[in-house]
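Chains as they are written, first to last, in the numbering used here: chain U, 248 to 453; chain S, 248 to 453; chain X, 248 to 453; chain R, 248 to 453.
Simulated from the structure, these hints should not be mistaken for lab results. Computed from a prediction, not measured in an experiment: that's the story for all the values here. Virtual Cβ for every residue (Gly too), placed ideally from N, Cα, C. Accuracy of the hints is not assured; some may be wrong.
Said to hold, decoys possible - Only some residues are given here: those of chain U computed to face chain S with a beta carbon under 10 Å:
1. Asp-272
2. Ala-274
3. Asn-354
4. Pro-360
5. Ser-405
6. Val-407
7. Leu-409
8. Leu-411
9. Phe-419
10. Lys-421
11. Glu-441
12. Glu-444
13. Ile-446
14. Arg-449
15. Gln-453
To be verified - Where chain S lies over chain U, by a calculated footprint (3+ residues, C-beta under 8 Å):
16. 371-377
17. 423-429
Claimed, not checked - If you want a taste of the chain R side facing chain X, the calculated C-beta under 7 Å gives, among others:
18. Lys-269
19. Gly-273
20. Leu-353
21. Asn-354
22. Gln-367
23. Glu-371
24. Ser-405
25. Ser-408
26. Leu-409
27. Ile-415
28. Phe-419
29. Met-424
30. Thr-445
So you can see what is in the structure, the chains are spelled out below.
Protein chains: 4
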Amino acid sequence: MQDKVSKEQLILESAEQEFFIKGFDGARTTSIAKRAGVTHAMLHYYYRTKEQLFERVIDKNVSLIIATMFSSLGKADMPFLDRLKVSISSHFDIVASNPLLPHFFLNEIISRPERYNMMQNKLETSAKEIFSKVQIEIDEQSKQGNIEWIDARMLFMSIVSLNLFPFIALPFAKRMMGDLLDNQDSFLEQRKAENIETIMRRLKKQ
Amino acid sequence: MQDKVSKEQLILESAEQEFFIKGFDGARTTSIAKRAGVTHAMLHYYYRTKEQLFERVIDKNVSLIIATMFSSLGKADMPFLDRLKVSISSHFDIVASNPLLPHFFLNEIISRPERYNMMQNKLETSAKEIFSKVQIEIDEQSKQGNIEWIDARMLFMSIVSLNLFPFIALPFAKRMMGDLLDNQDSFLEQRKAENIETIMRRLKKQ
Amino acid sequence: MQDKVSKEQLILESAEQEFFIKGFDGARTTSIAKRAGVTHAMLHYYYRTKEQLFERVIDKNVSLIIATMFSSLGKADMPFLDRLKVSISSHFDIVASNPLLPHFFLNEIISRPERYNMMQNKLETSAKEIFSKVQIEIDEQSKQGNIEWIDARMLFMSIVSLNLFPFIALPFAKRMMGDLLDNQDSFLEQRKAENIETIMRRLKKQ
Amino acid sequence: MQDKVSKEQLILESAEQEFFIKGFDGARTTSIAKRAGVTHAMLHYYYRTKEQLFERVIDKNVSLIIATMFSSLGKADMPFLDRLKVSISSHFDIVASNPLLPHFFLNEIISRPERYNMMQNKLETSAKEIFSKVQIEIDEQSKQGNIEWIDARMLFMSIVSLNLFPFIALPFAKRMMGDLLDNQDSFLEQRKAENIETIMRRLKKQ
DNA sequence: TATGAATGAGTCTTCATTCAT
DNA sequence: TATGAATGAAGACTCATTCAT
Numbered sequence: 248m249q250d251k252v253s254k255e256q257l258i259l260e261s262a263e264q265e266f267f268i269k270g271f272d273g274a275r276t277t278s279i280a281k282r283a284g285v286t287h288a289m290l291h292y293y294y295r296t297k298e299q300l301f302e303r304v305i306d307k308n309v310s311l312i313i314a315t316m317f318s319s320l321g322k323a324d325m326p327f328l329d330r331l332k333v334s335i336s337s338h339f340d341i342v343a344s345n346p347l348l349p350h351f352f353l354n355e356i357i358s359r360p361e362r363y364n365m366m367q368n369k370l371e372t373s374a375k376e377i378f379s380k381v382q383i384e385i386d387e388q389s390k391q392g393n394i395e396w397i398d399a400r401m402l403f404m405s406i407v408s409l410n411l412f413p414f415i416a417l418p419f420a421k422r423m424m425g426d427l428l429d430n431q432d433s434f435l436e437q438r439k440a441e442n443i444e445t446i447m448r449r450l451k452k453q
Numbered sequence: 248m249q250d251k252v253s254k255e256q257l258i259l260e261s262a263e264q265e266f267f268i269k270g271f272d273g274a275r276t277t278s279i280a281k282r283a284g285v286t287h288a289m290l291h292y293y294y295r296t297k298e299q300l301f302e303r304v305i306d307k308n309v310s311l312i313i314a315t316m317f318s319s320l321g322k323a324d325m326p327f328l329d330r331l332k333v334s335i336s337s338h339f340d341i342v343a344s345n346p347l348l349p350h351f352f353l354n355e356i357i358s359r360p361e362r363y364n365m366m367q368n369k370l371e372t373s374a375k376e377i378f379s380k381v382q383i384e385i386d387e388q389s390k391q392g393n394i395e396w397i398d399a400r401m402l403f404m405s406i407v408s409l410n411l412f413p414f415i416a417l418p419f420a421k422r423m424m425g426d427l428l429d430n431q432d433s434f435l436e437q438r439k440a441e442n443i444e445t446i447m448r449r450l451k452k453q
Numbered sequence: 248m249q250d251k252v253s254k255e256q257l258i259l260e261s262a263e264q265e266f267f268i269k270g271f272d273g274a275r276t277t278s279i280a281k282r283a284g285v286t287h288a289m290l291h292y293y294y295r296t297k298e299q300l301f302e303r304v305i306d307k308n309v310s311l312i313i314a315t316m317f318s319s320l321g322k323a324d325m326p327f328l329d330r331l332k333v334s335i336s337s338h339f340d341i342v343a344s345n346p347l348l349p350h351f352f353l354n355e356i357i358s359r360p361e362r363y364n365m366m367q368n369k370l371e372t373s374a375k376e377i378f379s380k381v382q383i384e385i386d387e388q389s390k391q392g393n394i395e396w397i398d399a400r401m402l403f404m405s406i407v408s409l410n411l412f413p414f415i416a417l418p419f420a421k422r423m424m425g426d427l428l429d430n431q432d433s434f435l436e437q438r439k440a441e442n443i444e445t446i447m448r449r450l451k452k453q
Numbered sequence: 248m249q250d251k252v253s254k255e256q257l258i259l260e261s262a263e264q265e266f267f268i269k270g271f272d273g274a275r276t277t278s279i280a281k282r283a284g285v286t287h288a289m290l291h292y293y294y295r296t297k298e299q300l301f302e303r304v305i306d307k308n309v310s311l312i313i314a315t316m317f318s319s320l321g322k323a324d325m326p327f328l329d330r331l332k333v334s335i336s337s338h339f340d341i342v343a344s345n346p347l348l349p350h351f352f353l354n355e356i357i358s359r360p361e362r363y364n365m366m367q368n369k370l371e372t373s374a375k376e377i378f379s380k381v382q383i384e385i386d387e388q389s390k391q392g393n394i395e396w397i398d399a400r401m402l403f404m405s406i407v408s409l410n411l412f413p414f415i416a417l418p419f420a421k422r423m424m425g426d427l428l429d430n431q432d433s434f435l436e437q438r439k440a441e442n443i444e445t446i447m448r449r450l451k452k453q
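Taking the hints into account, I'd like the entire structure generated from these sequences.
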């Protein structure tokens with residue numbers, strides 16, 4: 248029993264790894280099956296087609312993806328700048344614990360936009376809502392002289408850039424960064440702090 | 248003669264387009280040949296294998312890729328902060344005129360890191376050299392009280408994140424950003440200014 | 248108990264429908280099982296293989312098939328021509344109430360003749376017996392000047408051709424025949440009458 | 248050169264044999280390729296898909312099929328009954344020289360009607376035209392007391408039934424018919440004569 | 001009996017690559 | 001140089017069949 252439940256699961260997890268690293272085109276159903284320790288036919292038994300398996304991987308990650316994009320802004324009650332700090336930090340942490348997700352997401356979803364209309368609609372709605380809420384706060388805070396004014400969308404893009412890009416570039420950066428990356432945990436801590444600092448200074452009234 | 252040179256060239260250019268958009272795995276040699284208006288066999292006549300053709304595309308772009316990564320730091324003679332501004336700006340412009348390059352490059356390297364050892368060696372050397380040069384300047388400037396101290400590599404990563412990520416995410420951001428992206432040129436100008444502003448503020452002594 | 252019997256039966260009936268419409272190669276055991284509302288494995292539990300299931304369908308229909316081929320000649324006691332009329336008519340009716348059978352049967356035999364040796368033996372014996380009986384009658388009747396002489400096998404082939412072919416071609420004929428087929432019952436009546444008329448005239452002494 | 252031209256042709260001919268005997272579902276592209284003495288990939292090189300190869304086989308035979316259906320009726324100047332005799336005879340001959348065609352035609356085309364709309368349209372038009380022309384002749388001749396009246400479509404169906412069915416049933420009839428089929432040529436002659444006789448008698452004024 | 005899970009063998013198809021001309 | 005033809009290797013997918021429970 249236990250085994251059979253996990254077989255379907257195993258395939259999904261193997262697929263995730265394979266798709267995350269190699270993308271849809273580069274992934275091989277045979278290789279996914281081998282990774283999962285099941286026969287090739289089994290994969291088709293459970294998921295019918297490569298396409299559908301891929302969609303299941305997307306489904307499984309879609310809420311994470313959305314969280315990845317938006318958890319950084321606009322939640323509850325704390326002074327605006329404090330709240331922003333926390334948001335950036337937790338956003339960074341989400342990405343850090345799913346480091347392949349940004350690459351996969353940008354790569355696959357961008358190269359096959361037609362497939363993600365639904366998700367995009369969702370994101371679009373959430374995005375606009377959050378942006379307008381945050382913009383109101385920014386307008387207020389800046390009128391009160393607490394922060395420098397900025398377009399909420401620009402702010403968002405800066406945060407996401409700073410938080411996501413290092414993970415996308417990580418495999419590449421490793422060789423260039425010397426000892427900075429020797430201890431990865433410590434690097435991530437520093438990087439998170441740096442991102443927060445950068446954004447805070449961007450908003451600080453001078 | 249003229250013709251033959253340009254035929255080889257045509258294939259390379261078609262390959263570039265195809266590889267940039269679809270990646271190595273998604274690209275089809277037949278499709279590249281068709282795009283170039285040559286027979287499929289011709290492509291192999293000139294470039295032997297898909298792999299080699301791909302490498303030629305990389306070669307052709309490698310200096311651009313390096314520029315994309317590094318032109319952001321340390322060149323001419325000007326006060327440090329002014330020079331940095333110019334560097335960020337011109338780096339942004341390079342990326343802007345090759346908007347598909349970052350995505351392609353990061354994408355392919357992640358899925359086949361073994362292929363880029365040579366290039367990575369090159370980059371590693373340049374990187375370390377530049378970082379140490381810039382670090383010296385930063386140390387000096389900060390000692391003189393002109394700027395806030397920062398690890399040159401962190402600074403570099405911030406700049407590259409801010410300058411590259413928007414292009415990687417552009418096709419995706421379109422739906423979320425509303426009217427901000429209606430006029431793309433104007434958006435890019437704003438974004439460039441924002442990135443410079445963000446970095447300047449990060450370094451500004453308070 | 249009742250249930251189990253009928254489950255086996257259900258499968259057989261579904262198989263019949265599927266095989267009749269799609270043929271052996273086009274039929275899918277999964278689809279037959281679904282049609283019958285049983286699990287796929289159940290089908291194999293009862294009938295072992297697709298091949299054996301197919302044979303059971305043939306077995307179930309073999310007497311009908313034979314009737315379809317042979318009921319057209321020689322049975323009860325009536326004057327020869329009257330008897331023939333009745334035979335042709337009832338033969339036509341049998342076919343009419345199993346319109347898919349001729350097509351299926353001829354079709355499968357042509358593509359896999361080796362499978363029907365047994366049945367063919369049976370048919371061969373019956374056929375020869377009937378032909379010789381009928382031939383004797385024909386010889387007699389023609390000697391008495393009641394009918395035109397004909398080889399019994401030729402007569403048989405004419406009858407079967409006229410009675411079977413319309414059903415084989417029916418789905419195809421629909422488009423060509425215009426209003427003739429608008430009312431199918433009435434068409435079948437006309438066709439039956441026509442076939443009888445054609446055979447009667449063939450035998451009529453002039 | 249000669250060879251290459253014939254390779255494409257060879258595949259088509261092998262496909263025809265395979266499709267004629269086994270139908271679309273039963274046919275195997277590997278088997279067709281083997282039959283033609285080419286690699287399996289070659290088949291796809293020339294014909295892309297099994298479906299398209301099948302269509303080419305249909306195309307190749309479609310005019311023959313139409314001839315098979317209609318050459319029997321309504322051509323030029325000869326007394327009506329003589330002309331009819333000739334038509335039946337030549338129709339029989341066409342079928343005799345393509346004995347697998349009727350089976351294939353009825354089997355495949357009937358089981359996938361959606362694919363043959365175009366052909367059906369063609370046939371429909373030809374059919375209706377011919378039927379009405381022939382009907383006029385029949386009406387005339389019967390008014391003049393030369394023949395028994397009959398619906399042209401019924402006449403057509405009788406002819407086609409008599410001429411086609413023996414070929415469809417041939418593999419099946421072989422065992423039952425005894426010595427009648429020992430000499431196939433002679434049987435076909437007899438059968439043709441019988442069909443003509445049957446139709447002539449059907450029309451003969453008594 | 002009944003079934004969900006599992007699988008091997010095969011089927012169509014694609015594609016990079018090679019070869020004869 | 002140039003090309004149409006040819007091919008092997010691999011890929012996704014299907015399906016009848018079996019098996020443990």
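Verification of the hints:
1. Residue-level restraint check for Asp-272(U) holds (minimum Cβ-Cβ distance to chain S is 4 Å; threshold 10 Å).
2. A distance limit of 10 Å between C-beta atoms decides the matter here; for Ala-274(U) the minimum to chain S is near 9 Å, and the interface restraint holds.
3. Residue-level restraint check for Asn-354(U) holds (minimum Cβ-Cβ distance to chain S is 5 Å; threshold 10 Å).
4. The restraint placing Pro-360(U) at the interface with chain S holds, with a minimum CB-CB distance near 7 Å, inside the 10 Å limit.
5. With a least beta-carbon distance of about 6 Å to chain S, the hint placing Ser-405(U) at the interface is held under the 10 Å criterion.
6. With its C-beta approaching chain S no nearer than about 7 Å, Val-407(U) sits inside the 10 Å limit, and its interface hint holds.
7. Interface restraint check: Leu-409(U) against chain S, minimum CB-CB distance 5 Å, threshold 10 Å, status holds.
8. For Leu-411(U), the suggested interface contact is upheld, since its CB lies about 6 Å from the closest CB of chain S, less than 10 Å.
9. Because the closest C-beta pair between Phe-419(U) and chain S is about 5 Å apart, less than 10 Å, the hint holds.
10. Of the supplied interface hints, the one on Lys-421(U) holds, with its beta-carbon coming within about 9 Å of a beta-carbon of chain S, less than 10 Å.
11. The beta carbon of Glu-441(U) is positioned within 10 Å of a beta carbon in chain S (closest approach about 5 Å), and the interface hint is therefore held.
12. Taking 10 Å as the C-beta cut-off, the interface hint given for Glu-444(U) holds, the closest approach to chain S being about 7 Å.
13. The beta carbon of Ile-446(U) comes within 8 Å of a beta carbon in chain S, closer than 10 Å, and the hint placing it at the interface holds.
14. About 5 Å separates the beta-carbon of Arg-449(U) from the nearest beta-carbon of chain S, less than 10 Å, and the hint is met.
15. For the restraint placing Gln-453(U) at the interface with chain S, the shortest Cβ-Cβ distance is roughly 7 Å, inside the 10 Å limit, so the hint holds.
16. Only when three residues or more bring their CB closer than 8 Å to a CB of chain S does the claim for the region 371-377 of chain U stand; here the count is 3, and the claim holds.
17. Evaluation of the coverage hint for the region 423-429 of chain U: fulfilled, as 4 residues show C-beta separations to chain S shorter than 8 Å, against a requirement of three.
18. With 7 Å as the threshold, the beta carbon of Lys-269(R) comes within range of chain X, its nearest partner Cβ sitting at about 5 Å, so the hint holds.
19. For Gly-273(R), the interface hint holds, since its Cβ comes within 7 Å of a Cβ in chain X; the closest pair sits about 4 Å apart.
20. Because the closest C-beta pair between Leu-353(R) and chain X is about 6 Å apart, less than 7 Å, the hint holds.
21. Because the closest C-beta pair between Asn-354(R) and chain X is about 5 Å apart, less than 7 Å, the hint holds.
22. For Gln-367(R), the interface hint holds, the least distance from its beta-carbon to any beta-carbon of chain X being 5 Å, beneath 7 Å.
23. The beta carbon of Glu-371(R) is positioned within 7 Å of a beta carbon in chain X (closest approach about 5 Å), and the interface hint is therefore held.
24. At its closest, the beta carbon of Ser-405(R) sits 6 Å from a beta carbon of chain X; the interface hint therefore holds under the 7 Å criterion.
25. Among the interface hints, the one on Ser-408(R) holds; its C-beta lies about 4 Å from the nearest C-beta in chain X, closer than the 7 Å criterion.
26. Contact between Leu-409(R) and chain X, as hinted, is supported at the beta carbon level, the nearest pair being about 5 Å apart and thus within 7 Å.
27. With a least beta-carbon distance of about 6 Å to chain X, the hint placing Ile-415(R) at the interface is held under the 7 Å criterion.
28. A least Cβ separation of about 5 Å between Phe-419(R) and chain X falls short of the 7 Å threshold, and the interface hint therefore holds.
29. Taking 7 Å as the C-beta cut-off, the interface hint given for Met-424(R) holds, the closest approach to chain X being about 5 Å.
30. Because the closest C-beta pair between Thr-445(R) and chain X is about 5 Å apart, less than 7 Å, the hint holds.
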